[in-house]
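There are 2 protein chains.
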Amino acid sequence: MNTFSVTVLGSSAAIATPGRGLSSQVLRYGPELFLIDCGEGTQFQLRRFKISVGHINRVFISHLHGDHFFGLIGLLSTWHLLRRVKAVDIYAPPALEDILKMQFEASGTVPNYPIIFHPVTAESPRLILDHPQMEVFSLPLTHRVPTTGFLFREKPLPRRINPESIDFYNVPYHSIEALRHGKDYTDATGRVIPNAELTLPSPASRSYAYCSDTAYNESLVPLIAGSTLLYHEATFMHDRIKSAIEKGHSTSIQAADIAEKAGVKQLLLGHFSARYDDLHPLLNEARGVFERTMLAEDGTTYPIE
Amino acid sequence: MNTFSVTVLGSSAAIATPGRGLSSQVLRYGPELFLIDCGEGTQFQLRRFKISVGHINRVFISHLHGDHFFGLIGLLSTWHLLRRVKAVDIYAPPALEDILKMQFEASGTVPNYPIIFHPVTAESPRLILDHPQMEVFSLPLTHRVPTTGFLFREKPLPRRINPESIDFYNVPYHSIEALRHGKDYTDATGRVIPNAELTLPSPASRSYAYCSDTAYNESLVPLIAGSTLLYHEATFMHDRIKSAIEKGHSTSIQAADIAEKAGVKQLLLGHFSARYDDLHPLLNEARGVFERTMLAEDGTTYPIE
Numbered sequence: 001m002n003t004f005s006v007t008v009l010g011s012s013a014a015i016a017t018p019g020r021g022l023s024s025q026v027l028r029y030g031p032e033l034f035l036i037d038c039g040e041g042t043q044f045q046l047r048r049f050k051i052s053v054g055h056i057n058r059v060f061i062s063h064l065h066g067d068h069f070f071g072l073i074g075l076l077s078t079w080h081l082l083r084r085v086k087a088v089d090i091y092a093p094p095a096l097e098d099i100l101k102m103q104f105e106a107s108g109t110v111p112n113y114p115i116i117f118h119p120v121t122a123e124s125p126r127l128i129l130d131h132p133q134m135e136v137f138s139l140p141l142t143h144r145v146p147t148t149g150f151l152f153r154e155k156p157l158p159r160r161i162n163p164e165s166i167d168f169y170n171v172p173y174h175s176i177e178a179l180r181h182g183k184d185y186t187d188a189t190g191r192v193i194p195n196a197e198l199t200l201p202s203p204a205s206r207s208y209a210y211c212s213d214t215a216y217n218e219s220l221v222p223l224i225a226g227s228t229l230l231y232h233e234a235t236f237m238h239d240r241i242k243s244a245i246e247k248g249h250s251t252s253i254q255a256a257d258i259a260e261k262a263g264v265k266q267l268l269l270g271h272f273s274a275r276y277d278d279l280h281p282l283l284n285e286a287r288g289v290f291e292r293t294m295l296a297e298d299g300t301t302y303p304i305e
Numbered sequence: 001m002n003t004f005s006v007t008v009l010g011s012s013a014a015i016a017t018p019g020r021g022l023s024s025q026v027l028r029y030g031p032e033l034f035l036i037d038c039g040e041g042t043q044f045q046l047r048r049f050k051i052s053v054g055h056i057n058r059v060f061i062s063h064l065h066g067d068h069f070f071g072l073i074g075l076l077s078t079w080h081l082l083r084r085v086k087a088v089d090i091y092a093p094p095a096l097e098d099i100l101k102m103q104f105e106a107s108g109t110v111p112n113y114p115i116i117f118h119p120v121t122a123e124s125p126r127l128i129l130d131h132p133q134m135e136v137f138s139l140p141l142t143h144r145v146p147t148t149g150f151l152f153r154e155k156p157l158p159r160r161i162n163p164e165s166i167d168f169y170n171v172p173y174h175s176i177e178a179l180r181h182g183k184d185y186t187d188a189t190g191r192v193i194p195n196a197e198l199t200l201p202s203p204a205s206r207s208y209a210y211c212s213d214t215a216y217n218e219s220l221v222p223l224i225a226g227s228t229l230l231y232h233e234a235t236f237m238h239d240r241i242k243s244a245i246e247k248g249h250s251t252s253i254q255a256a257d258i259a260e261k262a263g264v265k266q267l268l269l270g271h272f273s274a275r276y277d278d279l280h281p282l283l284n285e286a287r288g289v290f291e292r293t294m295l296a297e298d299g300t301t302y303p304i305e
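Quick mapping for you: the protein sequence lines, in order, are chains D and S.
When the count follows the numbering used here, it moves up by one through the first sequence with no breaks and lands on 305 for the last residue.
When the count follows the numbering used here, it moves up by one through the second sequence with no breaks and lands on 305 for the last residue.
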């Protein structure tokens, strides 16, 4: 089974703190690295946490508040300076395309590598990437500017071979792949052995839902239901719910409430206001609602399984 | 006399290294802080070196290569988030104005404080700021895109009072300020005491010349002649003079040669290629031509006196 994990590069909202960088994460699926959001300094965090920037081929930007994208032009420029040739696909709000172009033009830079821009709008959930092993959907969020979350969902995995029955029916090697995909097996005498006798059910597909930035929004629940790991912003503790509502953010308890309603396996909180030094009170508050909650920490990798 | 010094925030060219950030400096003159260039991460370096960002009221950007300005939009946004109200004056290439505007618009941000944009073009040296105690001139540099250096020159200082002759002639306190500005003194009997008997010559005016990025360019020499401190880029050692010429940069020896020809008091080298770990060979090379040479080091403050 492919490795599936997320590494947090920055967990601070709006203003970085000495211990927390601005929003950015690296999602790893097998050999592939996807970058999600890219606040100022993301390229320095990638280097600090020894993540090979050259392996990132896709970038997803949730919205155009600076703490989520001001680092992108620097990363794209560094790739150019490092003589990257592989294309980069960028999934982002439409206005970002001209912002990047304008800065490349001002610096007289024509990147060595293709930048393929995929405008993502926030109105309704859409399939934005159909990757051989994974589908990526946009998730409409509720914020002060158009904002989308992202749902990364593994495609249904093949069924698992049952080694004992394979031996018993003496199935030849070249027939195995068809069994994984649900086909029955017909032996040399013409007898049909049903697939269910030869295989075990597929392992469950894993999924990662990234929801930042957003106010409390129950219409997210059906879209992320059953996710393996939900990252949900928790800018404030619940005593600041008034600020959260005003600014289009969520509290720790609201994030936990969404996780509970969506029946996710685990919840990862992030996008913390710079006002908090110690985040444990925030964590405890959320755990009161949804026990399987974790705090995002810069440089930490969270398995999705 | 006012404090006059420069603190290096970043000394790396193009790509940051673990020990060297991207181009940015803080010039301190008395209570005023000017920011010169602002590569990505400058706001983090300011915090790291405990420089109060709220005291910066003027920003000078030499050119629109990313390593000199990608950090500006983040700093301006942070000021907005910190509820700054004081205006900021930005002296920069004209195209920067729209780049900043576009990013503020995309994020739906109207800064709380006025941003006063002063377009600076690179054709000829100009007085770009006439400050009560200092004049700032643009310096045309020779690079791949339009680039200006900056000369910060203290205005002529008042003459110094000679305490002994003040006592001798019994000059009252209210007449002292006029003496500083070169006036003669007329005593109660109508007798005129010449200024030169009551004062000592002004201390020499100090100046800081910032020259990054630039190829070797002797037409700079008369513009920066006699500067107290010259910051000159030295991207490469002299064995890479071919790269320097191709890329519009200077070698250590070329920088020292300009310092020698301009008869400056001290030379500060910076904008080092990420290829160099140890910079001492580069320093030694420059000192062979101009002895009073120093290396720019992130977080170090260099007095200008």
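What the hints contain is simulated information worked out from the structure, not anything from laboratory work.
Just to be clear, a hint being listed does not mean it is correct.
Here are the simulated distance ranges between beta carbons [said to hold, decoys possible]: (1) S:R47 x D:S124: 34 to 42 Å; (2) S:R48 x D:S52: 56 to 64 Å; (3) S:F49 x D:L200: 34 to 42 Å; (4) S:L127 x D:G299: 42 to 50 Å.
Ideal Cβ positions, reconstructed from N, Cα and C, are used throughout, including at glycine.
Within 34 to 42 Å or not, the Cβ separation of R47 (chain S) and S124 (chain D)? holds, 41 Å
56 to 64 Å was suggested as the range; check whether the CB atoms of R48 (chain S) and S52 (chain D) agree with it. violated, 26 Å
Could one say that the CB atoms of L127 (chain S) and G299 (chain D) fall in the range 42 to 50 Å? holds, 49 Å
Starting from the hint 34 to 42 Å, judge whether the C-beta atoms of F49 (chain S) and L200 (chain D) obey it. violated, 60 Å
When each numbered hint is compared with the structure, violations occur for hints 2 and 3.
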